[in-house]
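Visitor: Work out the full structure, taking the sequences as your base and the hints as a guide.
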Amino acid sequence: MSKPIETDILIIGAGPTGLFAVFEAGLLKLKCHLIDSLPQPGGQLTEIYPKKPIYDIPGYPTVLAGELVDNLMKQIEPFKPGFTLGERAETLDKLEDGRFQLTTSKGTVHIAPVIAIAGGLGCFEPRKPPIHNIEDFEDRGVEYIIKDPEMYRSKNVVIAGGGDSALDWSIFLADVADKVALVHRREEFRGALDSVEKVKELAEAGKIDLITNAQVTGLTGNGRLNEVEIKHKELGAIKRATDHFIPLFGLSPKLGPIGDWGLNIEKNAIVVDTYDYSTNIPGIYAIGDINTYPGKLKLILCGFHEGTLMVQSAFKHIYPDKKLSFKYTTVTGIDGL
Amino acid sequence: MEDIITITVIDREGATHTIEMPTDMNLNLMEVCKGEGFPIKGTCGGMALCSTCHMYIESDHELSEMTDDEEDMLDQAFFVEDNSRLGCQIYPGQSHDGLIVRLAPEDESA
Numbered sequence: 001m002s003k004p005i006e007t008d009i010l011i012i013g014a015g016p017t018g019l020f021a022v023f024e025a026g027l028l029k030l031k032c033h034l035i036d037s038l039p040q041p042g043g044q045l046t047e048i049y050p051k052k053p054i055y056d057i058p059g060y061p062t063v064l065a066g067e068l069v070d071n072l073m074k075q076i077e078p079f080k081p082g083f084t085l086g087e088r089a090e091t092l093d094k095l096e097d098g099r100f101q102l103t104t105s106k107g108t109v110h111i112a113p114v115i116a117i118a119g120g121l122g123c124f125e126p127r128k129p130p131i132h133n134i135e136d137f138e139d140r141g142v143e144y145i146i147k148d149p150e151m152y153r154s155k156n157v158v159i160a161g162g163g164d165s166a167l168d169w170s171i172f173l174a175d176v177a178d179k180v181a182l183v184h185r186r187e188e189f190r191g192a193l194d195s196v197e198k199v200k201e202l203a204e205a206g207k208i209d210l211i212t213n214a215q216v217t218g219l220t221g222n223g224r225l226n227e228v229e230i231k232h233k234e235l236g237a238i239k240r241a242t243d244h245f246i247p248l249f250g251l252s253p254k255l256g257p258i259g260d261w262g263l264n265i266e267k268n269a270i271v272v273d274t275y276d277y278s279t280n281i282p283g284i285y286a287i288g289d290i291n292t293y294p295g296k297l298k299l300i301l302c303g304f305h306e307g308t309l310m311v312q313s314a315f316k317h318i319y320p321d322k323k324l325s326f327k328y329t330t331v332t333g334i335d336g337l
Numbered sequence: 001m002e003d004i005i006t007i008t009v010i011d012r013e014g015a016t017h018t019i020e021m022p023t024d025m026n027l028n029l030m031e032v033c034k035g036e037g038f039p040i041k042g043t044c045g046g047m048a049l050c051s052t053c054h055m056y057i058e059s060d061h062e063l064s065e066m067t068d069d070e071e072d073m074l075d076q077a078f079f080v081e082d083n084s085r086l087g088c089q090i091y092p093g094q095s096h097d098g099l100i101v102r103l104a105p106e107d108e109s110a
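As given, the protein sequences belong to chains A and B, one line each in that order.
Using the working numbering, the first residue of the first sequence is number 1, and each one after it goes up by one.
Using the working numbering, the first residue of the second sequence is number 1, and each one after it goes up by one.
In short, the hints are calculated from the structure, not lab data.
Source: prediction; values computed, not measured.
Misleading hints may appear alongside valid ones.
Below, simulated EDC-like cross-link-like pairs (lysine to aspartate or glutamate); rule was C-alpha separation at most 20 Å, straight line [unchecked claim]: (1) A/K298 - A/E266; (2) A/K52 - B/D72; (3) A/K231 - B/D82; (4) A/K52 - B/E71; (5) A/K128 - A/E234; (6) A/K296 - B/E36.
Stretch by stretch, here's where chain B covers chain A in the computed footprint (C-beta under 8 Å, at least three residues) [what the hints assert, rightly or not]: (7) 43–53; (8) 106–116; (9) 123–132; (10) 154–168; (11) 178–186.
The beta-carbon is built from N, C-alpha and C at its ideal position, and this holds for glycine as well.
Guide: Here is the structure:
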């Protein structure tokens with residue numbers, strides 16, 4: 001096993017709030033390491049709305065979400081934060097020396113005296129269709145993510161969805177699987193134009209069964225999936241034999257394992273004290289959209305404020321005997337710290 | 001009152017609720033339903049970026065046309081019907097007095 005990653009503040013969530021906390025911690029000479037389940041920093045801003053303008057960042061009449069993330073990355077660069085990306089924060093243990101040990105979904109171990117949860121809406125996970133028995137068939141014919149395309153060689157596959165991943169995988173699997181059906185609720189697709197064209201060509205050539213104006217509504221099988229029920233707008237219920245059903249409906253955020261760490265949680269949010277954004281567990285803080293307190297507003301600028309106050313308290317938690325004097329960046333600069 | 005309309009919300013259990021809403025406060029149906037305590041998450045805050053305010057329009061009131069963003073987001077929703085809309089994209093006005101909406105089944109994973 002590789003050596004654990006050690007840092008002062010371990011930040012869970014690399015969205016705007018987590019990123020800016022690195023800056024404020026850096027001013028106090030505290031090192032930060034960020035963990036995020038997404039493969040890139042920026043959280044919702046990069047994953048959901050990179051091209052949308054934001055109008056309430058002080059000093060910016062308007063800024064694109066993606067630009068704000070780029071700027072934040074530039075702003076924290078002098079403090080050299082570490083990143084563990086594409087891994088989900090999974091288990092949290094307390095060590096004998098009082099520090100926390102956090103292990104990710106891929107087994108990466110991190111150790112820090114302070115944990116700052118800046119998890120936003122939670123970790124992004126594949127959206128599951130609300131078919132009542134879908135969980136019975138997970139890994140028994142139902143997959144939300146395609147890990148190994150070879151698994152589908154010479155099999156019957158039904159893909160559902162209308163975005164790029166549904167289109168791209170349909171095209172790819174058309175050559176691998178025995179039969180591929182793509183089920184989508186309307187005739188238009190929102191994916192890239194050339195993929196849409198390609199799917200239509202393959203459908204005309206008989207390599208993909210394109211079933212539009214339809215939704216998969218039922219699954220049957222005996223221990224393993226062997227049939228899906230498709231509800232078609234005009235034709236009603238259609239049954240189709242299949243070995244696999246791959247629903248590709250994008251990602252949606254879930255609180256995930258953080259919910260099992262013994263933190264006070266109210267309506268999917270972590271309860272904090274607004275004095276320093278501490279949770280009920282000393283040494284664990286929660287900032288940004290993931291926390292709740294009377295008067296809470298889910299705004300990026302509030303997350304910046306919360307992170308700023310949080311690091312002051314984190315400093316005292318790490319160095320109870322050290323004196324902390326507050327300095328303006330205008331006076332000290334960044335490099336001179 | 002002039003700026004108040006009455007709308008009917010059918011919840012996920014099928015119960016009918018009549019609520020009054022102001023039309024001069026720039027409120028959308030997601031916000032109104034959430035404010036009335038209906039179990040609507042409104043995760044994305046009204047940007048048509050999640051589908052947790054998916055609802056069916058059960059009366060024949062004329063509504064704003066669906067944008068591509070809304071249509072695309074409905075692709076990621078479930079139980080979508082011809083009368084499906086995202087509540088956050090509908091801003092009722094005076095002409096919508098008597099509007100009837102039905103909440104779509106909850107998307108467990110959202």
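Visitor: If you look at each residue in the stretch 106–116 of chain A, do at least three have a Cβ nearer than 8 Å to any Cβ of chain B?
Guide: Violated, because only 0 residues of the stretch 106–116 of chain A bring their Cβ atoms closer than 8 Å to Cβ atoms of chain B.
Visitor: Can you confirm whether chain B covers the stretch 178–186 of chain A, using C-beta to C-beta distances below 8 Å and requiring at least three such residues?
Guide: holds (count 3)
Visitor: Is the straight-line distance between the alpha-carbon of A/K231 and that of B/D82 20 Å or less?
Guide: holds (13 Å)
Visitor: With a cut-off of 20 Å on the C-alpha distance, tell me whether A/K298 and A/E266 pass.
Guide: holds (15 Å)
Visitor: Count the residues of the stretch 154–168 of chain A with a beta-carbon closer than 8 Å to any beta-carbon of chain B: does the count reach three?
Guide: Per the Cβ count (3), the hint holds.
Visitor: With a cut-off of 20 Å on the C-alpha distance, tell me whether A/K128 and A/E234 pass.
Guide: violated (25 Å)
Visitor: Report holds or violated for chain B covering the stretch 123–132 of chain A, Cβ cut-off 8 Å, minimum 3 residues.
Guide: holds (count 6)
Visitor: Check whether the Cα positions of A/K296 and B/E36 lie no farther apart than 20 Å.
Guide: Distance of about 19 Å is within 20 Å: holds.
Visitor: Are at least 3 residues of the stretch 43–53 of chain A within less than 8 Å of chain B when you compare beta carbons?
Guide: Coverage by chain B holds here, the residue count being 3 at a Cβ distance below 8 Å.
Visitor: Starting from A/K52, check that the Cα of B/E71 is at most 20 Å away, please.
Guide: This hinted pair holds, its Cα atoms lying about 17 Å apart.
Visitor: Please work out if A/K52 and B/D72 have their alpha carbons no farther apart than 20 Å.
Guide: holds (16 Å)
In terms of the numbered hints stated before, the structure departs from hints 5, 8, listed from lowest to highest.
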